[in-house]
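With my numbering as the guide, the letters of the sequence shown map in order to residues 957 to 1183.
A few of these clues could be false.
Each computed DSSO-like pair below joins lysine-lysine, with the alpha-carbon atoms no more than 27 Å apart [said to hold, decoys possible]: (1) Lys-1012 to Lys-1080; (2) Lys-1080 to Lys-1168; (3) Lys-1166 to Lys-1082; (4) Lys-1082 to Lys-1138; (5) Lys-1166 to Lys-1080; (6) Lys-1138 to Lys-1080.
So the derived label-pair ranges between C-beta atoms look like this [claimed, not checked]: (7) Val-1132 to Arg-1102: 42 to 48 Å; (8) Arg-1169 to Gln-1144: 35 to 41 Å; (9) Val-1132 to Arg-1170: 32 to 38 Å; (10) Phe-1079 to Leu-1121: 32 to 38 Å.
These are computed hints drawn from the structure, not numbers from a lab.
None of the values given here were measured: they were computed from a predicted structure.
Think of the CB as a built atom: it goes at the ideal place given N, C-alpha and C, for glycine as much as any other residue.
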Amino acid sequence: MAFFDTANQYYDLDAILADEELIPCVTQDDFSYLADLDPDASVAENKRNFLKQYTKLKLPLWAVESWAILGYCRCSFPRVFNNISREQYLLSNSNDASLNPLPRFDYFRIGKRIADVMQLTYFKQKSQTLTPQMIQYLDFILPSARQLQESLHLAFVGERFQQWLDWSWTSYGQDVSQFVGKLTYLEQSTFATSTQAWSHHYRSATIAQKRKRRQQRLENATKRSRP
């Protein structure tokens, strides 16, 4: 997807907030001094500070990315990005779907980051010596990540994009808060930019028309004043 790029944007607050999305994962090894990551760990396990293999966790994307790429854990898609949710929010009547309240920040940006991490995990791990379970996991995440990317792209540049772009150009001076409230953060910011650009164009066109009419009146007055 080329409609935005978070790569190499260290100070991009949007990218930083997108990386805060919690990702379900399962550890593939035992880890010392990390028992605090498991909210269900027993007191004895906390005293040993020992995170057991196959522990189910939810960690921010920024924290789990390196673990996933190195094969230390197996990540799964958050519920709002699984196949059922994609069909509900993106593929089925996506132009009317309200995607804004789903994740806590932005559906499109977070979905792209997750898909990128899943694909990078596949290509980094595929060349390693793997267990049958890991091979099955990798064969699942690659097509799923590509399907997520395709769904996000189709939803962003399809009817949904055409609808809010049309509204940004034709709703000048109108109350569109109810419509804009259904858009994601990325769409809202783009909508605002498009509306501002259209308002500038509208004012410039209005000023140009006034000048043209004024010039025409002056020319007509000059013609009438001639003998």
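We went through each hint and held it up to the structure:
As the CA atoms of Lys-1012 and Lys-1080 are separated by approximately 22 Å, the hinted pair is consistent with the 27 Å bound. Between Lys-1080 and Lys-1168 the alpha-carbon distance is near 64 Å, which puts this suggested pair outside the 27 Å criterion. For the given pair, Lys-1166 sits about 66 Å from Lys-1082 by alpha-carbon distance, which is inconsistent with the 27 Å threshold. Annotation: proposed proximity of Lys-1082 to Lys-1138 is violated, straight-line Cα distance about 40 Å (limit 27 Å).
Distance restraint check for Lys-1166 and Lys-1080: the Cα-Cα separation of roughly 63 Å exceeds the 27 Å cut-off, and the hinted pair is therefore not satisfied. Distance restraint check for Lys-1138 and Lys-1080: the Cα-Cα separation of roughly 37 Å exceeds the 27 Å cut-off, and the hinted pair is therefore not satisfied. Between Val-1132 and Arg-1102 the beta carbons are some 34 Å apart, a value that contradicts the proposed interval 42 to 48 Å. The given range of 35 to 41 Å is respected by Arg-1169 and Gln-1144, whose C-beta atoms sit roughly 37 Å from each other.
For the pair Val-1132 and Arg-1170, the beta carbons lie near 33 Å from each other, so the given range of 32 to 38 Å is met. For Phe-1079 and Leu-1121, the hinted distance range of 32 to 38 Å is satisfied, since their beta carbons lie about 35 Å from each other.
In the structure shown, a violation is registered for the earlier hints numbered 2, 3, 4, 5, 6 and 7, in ascending order.
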